[in-house]
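Undergrad: This is what each chain is made of:
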Amino acid sequence: MSTVSTAARRPIAPGRVVWHVVVIGVLLVLLYPVIWLVSTSFKPATEVISTLALLPRDPTGENYAEVFDGVGEFGVLHYFWNSLAISVGAVIGNVLSCSLAAYAFGRLHFRGRGPMFGFMMITIMLPQHVVLIPQYVIFQQMDMVNTFWPLVLPKFLATDAFFVFLMVQFIRSLPRELDEAATLDGCGPVGVFRHVILPLLRPALITTAIFTFIWTWNDFFSQLIYLNDPEKFTLPLALQLFIDQATQSAFGPMFAMSVLALLPIGLFFLAFQRFLVDGVATSGIKG
Amino acid sequence: MTQSVLSRPEVDAPPPPPTARGGRRRRGQGVAYLFLSPWIVGAALLTIGPMVASLYLSFTDYDLFEAPTWIGVENYVTMFTGDERFWHAAWTTTKYVLISVPLKLGLALAVAMLLNRARKGVGLYRSAFYAPSLLGASVSVALAWRAMFSTDGTVDRVLSSIGLDLGGWVDQPQYALLTLVALAAWQFGAPMVIFLAGLKQVPRELYEAAAIDGAGPARRFLSVTLPMLSPVILFNLVLETIHAFQAFTGAFVVSSGRGGPSDSTLLYPLYLYQRGFTDFRMGYASAMAWVLLAVVAILTALVFRSARRWVFYAGEDR
Chain A
1 MSTVSTAARR PIAPGRVVWH VVVIGVLLVL LYPVIWLVST SFKPATEVIS TLALLPRDPT
61 GENYAEVFDG VGEFGVLHYF WNSLAISVGA VIGNVLSCSL AAYAFGRLHF RGRGPMFGFM
121 MITIMLPQHV VLIPQYVIFQ QMDMVNTFWP LVLPKFLATD AFFVFLMVQF IRSLPRELDE
181 AATLDGCGPV GVFRHVILPL LRPALITTAI FTFIWTWNDF FSQLIYLNDP EKFTLPLALQ
241 LFIDQATQSA FGPMFAMSVL ALLPIGLFFL AFQRFLVDGV ATSGIKG
Chain B
1 MTQSVLSRPE VDAPPPPPTA RGGRRRRGQG VAYLFLSPWI VGAALLTIGP MVASLYLSFT
61 DYDLFEAPTW IGVENYVTMF TGDERFWHAA WTTTKYVLIS VPLKLGLALA VAMLLNRARK
121 GVGLYRSAFY APSLLGASVS VALAWRAMFS TDGTVDRVLS SIGLDLGGWV DQPQYALLTL
181 VALAAWQFGA PMVIFLAGLK QVPRELYEAA AIDGAGPARR FLSVTLPMLS PVILFNLVLE
241 TIHAFQAFTG AFVVSSGRGG PSDSTLLYPL YLYQRGFTDF RMGYASAMAW VLLAVVAILT
301 ALVFRSARRW VFYAGEDR
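Heads up: the protein sequence lines correspond to chains A and B, in order. If you're matching positions, the first sequence starts at 1 in our numbering and goes up one per residue. If you're matching positions, the second sequence starts at 1 in our numbering and goes up one per residue.
With the rest of the complex left out, here is chain A (with noise of 0.2 Å):
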């Protein structure tokens, strides 16, 4: 087989079954971790350490009833409900700022727009360590530690420069003209932004919303860092301090919360999996 693409030459038959039969043997070996770990989050608890089995002999439901009953002082819906309005803050952050900060870099003129761009284009690259202590210490003054606030706030400054840089290429790839039709039709800048450059930057938006979505879903080291009343826990905490108590027994539960917390990616995977990748794919996010 070569390596290159032979949809002009038709290969014979066999060599397509054998490539398939290939690639689903490497997905399998892949998603292996992932697919167990659903299956045994359905295990009973004596079956989650005596087999090696990938289904569960006796399904049930009562890891996932346990869960729903209490981790810890409250239910797992609790930190799925934290979890949610940080990651749903931290969305709205992004789409909003990133999305005025790339108007101005993308197609408005002021002083200092050169230097400021590169400096964003280097932010991109800052490991967040640089910054993370003098940031707890603000919010530590603002007494803001254990509460969600350092982890949605700066989302509405748009620190999250790779979104801006994303928005910016997509804002320089629309053609001007539509912009000059609209001011000569007596839009100003903000008009513009309104009526021309918003709608069209949807595709970029989604993007940005549904990756900056599951980043903040999964996030922990912030979360770690600035959460420490079991109260305000997301799902990753919970998770941790799970682990931590957790005997073998408790295994069963426990994956059924891990799986609980996959979930919305999940879902957010089936249905915007195009997006995702073609993101990847055009802009080259890390993922």
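To be clear, the hints were calculated from the coordinates, so they are not data collected in a lab. We treat Cβ as the ideally placed atom computed from N, Cα and C, and that holds for glycine. Heads up, some of the hints might be wrong.
Said to hold, decoys possible - Here are some chain B residues pointing at chain A (derived, C-beta under 7 Å):
no., residue
1, V41
2, M51
3, R126
4, A128
5, S138
6, S140
Assemble the complex: chain A is given as a structure, and chain B must be docked to it using the hints.
TA: Same frame as chain A, now just chain B:
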């Protein structure tokens, strides 16, 4: 600011200035800053300010409760000469980066080559291979990893059944880091998607010409695919390296935040976290952050420098 539409869009290419209507241009300035104001506030208060502050804090002794006291370069001196765990964490991270990044990119390229053909189902397969990149950063998956690589976990049992009785990987210092490497490599989907996009750009005629000249598949890979793909390889290499230096969640979950067994999973960011948020040595942690930044910046610069020798831009020689 000249008309620079010729430059590639991803570099800072200012759009052409508006036609000579100075009045509109000046009016636009204020509005521009208005649009930019959230970003400016964020950049000043959450990036530039904190960077300066953390540089200052790195020269102090600071426990978050009492005012920082200036101690000069002591944090740095202690780090380099008196802190074995620092060196251990640095070495562990080096191993982690050196193994996981090439492994991840290798897998990404291999699977991208496998998927790079016009067949039914390719889109679906591509998405499925990408899925771990979205899931892998989560605590859930790290937890599954911990369970699968523990004593009597799936991996232990499978290996035992073929006579490799290694025991649980996460419990043994010589293997624990490999579980994190495996977790990183598992997420090869994102660079794979980028490689696939790159492969689509390689002109078919090049392969045909090479084939006519008698080049076999291996030769074509080495002489056509790799050079044509080198800008994408550079991009993925830089991105994944920077990313790998900051790996945290997996190490934290697998070792319950301790970096064990025997500090074998004590990646640099985890040690930084421990120093800052467990020992409350904020000055020391800030110094560690600046060392991390310096190392990442120098490495990135070196990679870009070396790129002149191995990255081939198709447009250049035309």
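Undergrad: Does M51 (chain B) pass the interface check with chain A, least Cβ-Cβ distance below 7 Å?
TA: It holds, given that the least Cβ distance between M51 (chain B) and chain A is near 6 Å, below 7 Å.
Undergrad: Using the nearest Cβ pair, does R126 (chain B) come within less than 7 Å of chain A?
TA: Because about 6 Å separates R126 (chain B) from the closest Cβ in chain A, which is inside the 7 Å limit, the hint holds.
Undergrad: With a cut-off of 7 Å on the beta carbons, see whether S140 (chain B) makes it to chain A.
TA: holds (4 Å)
Undergrad: Just to be careful: measuring from the Cβ of S138 (chain B) to every Cβ in chain A, is the smallest value less than 7 Å?
TA: Holds, because the Cβ-Cβ distance from S138 (chain B) to chain A comes to roughly 4 Å (cut-off 7 Å).
Undergrad: Given a cut of 7 Å on the nearest C-beta pair, is the interface hint for V41 (chain B) held or broken against chain A?
TA: V41 (chain B) check passes; min Cβ-Cβ to chain A is 5 Å, inside 7 Å.
Undergrad: Tell me if the interface restraint on A128 (chain B) is satisfied: Cβ within less than 7 Å of some Cβ in chain A.
TA: Where the cut-off is 7 Å and the nearest Cβ of chain A is about 5 Å from A128 (chain B), the hint holds.
Consistency note: the structure conflicts with none of the earlier hints.
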